[in-house]
Amino acid sequence: MKIDESLPLEYSTEENRLKILGFWIFLGAEIALFSTLFAVYFALENRFGTGPSAQEIFHMPPVMIETILLLTSSFTIGLGIHAMRLGLKKAMMTFFVITLVLGLGFLGVEIYEFVTYVNEGATIQTSAFLSSLMTLLGTHGLHVTFGLFWGTSILLQVRKRGLTPQTANKSFIFSLYWHFLDVVWIFIFSFVYLKGLMVL
Amino acid sequence: MMKQLFPKQHVMGFVFSLVLSVVALSVLAFDMSYKMGMAILLVTAIAQASVQLLLFMHIGESEDKKTLYTNIIYALFVGVVTILGTLLTMIWGYQ
Chain A
1 MKIDESLPLE
11 YSTEENRLKI
21 LGFWIFLGAE
31 IALFSTLFAV
41 YFALENRFGT
51 GPSAQEIFHM
61 PPVMIETILL
71 LTSSFTIGLG
81 IHAMRLGLKK
91 AMMTFFVITL
101 VLGLGFLGVE
111 IYEFVTYVNE
121 GATIQTSAFL
131 SSLMTLLGTH
141 GLHVTFGLFW
151 GTSILLQVRK
161 RGLTPQTANK
171 SFIFSLYWHF
181 LDVVWIFIFS
191 FVYLKGLMVL
Chain B
1 MMKQLFPKQH
11 VMGFVFSLVL
21 SVVALSVLAF
31 DMSYKMGMAI
41 LLVTAIAQAS
51 VQLLLFMHIG
61 ESEDKKTLYT
71 NIIYALFVGV
81 VTILGTLLTM
91 IWGYQ
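Top line first, the protein sequences correspond to chains A and B. Take this note's numbering: the final residue in the first sequence is number 200, and no numbers are missing along the way. Take this note's numbering: the final residue in the second sequence is number 95, and no numbers are missing along the way.
Nothing false has been slipped in among the hints.
Computed list of chain A residues with no C-beta within reach of chain B, every gap over 10 Å:
#1 T13
#2 T126
#3 L142
#4 H143
Here are a few chain B residues that face chain A, going by a calculated C-beta distance under 7 Å:
#5 L5
#6 S17
#7 F56
#8 T82
Straight-line alpha carbon distances no greater than 16 Å define the calculated EDC-like cross-link-like pairs of lysine to aspartate or glutamate that follow:
#9 A:K195 to A:E45
#10 A:K19 to B:E63
#11 A:K2 to A:E15
#12 A:K195 to B:D31
#13 A:K170 to A:E14
#14 A:K19 to B:D64
#15 A:K170 to A:E15
No lab work stands behind these hints, which were simulated from the structure alone. Remember, it's a predicted structure, so these values are computed and weren't measured experimentally. Glycine included, each C-beta is placed from N, C-alpha and C at the ideal position.
Start from the sequences, fold in the hints, and give me the full structure.
Listed below in structure tokens is the structure:
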């Protein structure tokens, strides 16, 4: 294995560089996936039938908490990668733990939000609007849930094996995934919640 | 040590994204037309996505950057066509 010392660890071998490239291509496919879910939501957002409308069920406070938690977690994982490039294993692990805790907080608030909807009589079967909304939010939430397990596994590997070309590469790729989830959330925040609550 | 762990660029990027969220929130606080609100949301969302992509995801730092940009721009093109195409055929109509 040829290691290029002039590059950060995560790019230091050809295999590592190809894995990062491959992950970016996967993120391209994820953009296409979320675009279809947004398209369905935009087509059906006014089809609420006898169920509640967006104006009736959306509440900004939990959504703002979710946004701040996810934005902050995106910042902390960025700091984690920065620390990793400085070779600071402990600082990197601390930032990753903070990131995952913030992600867990996000998920908790989102679950609370879903429970509130269901208690208000807004289930996934109530209307086309709610089906498309919960499919979009649920797919994002599922990605975050998966990310929590993935991130935890990588943390355990870093703790056990230290910062090697392999673990650095995995950590960097995970950070790409996490930032991507934040980008998707920004679009949900803007074009689902804020757009839905705008007074026309 | 703190300065080393919290590079200025990252902190500025984080503050910028928080500011953009607050600006986006202003569409609820002020009385404005639908077009104006959507314009604000589009600008703030695209700016936030760019901060993530360029600053935090380091898209431009490797020698593969041309491929990465092409791939992401193509994916965004597919996404925009999917969304606008759906709206055109199902909501707006074209007759």
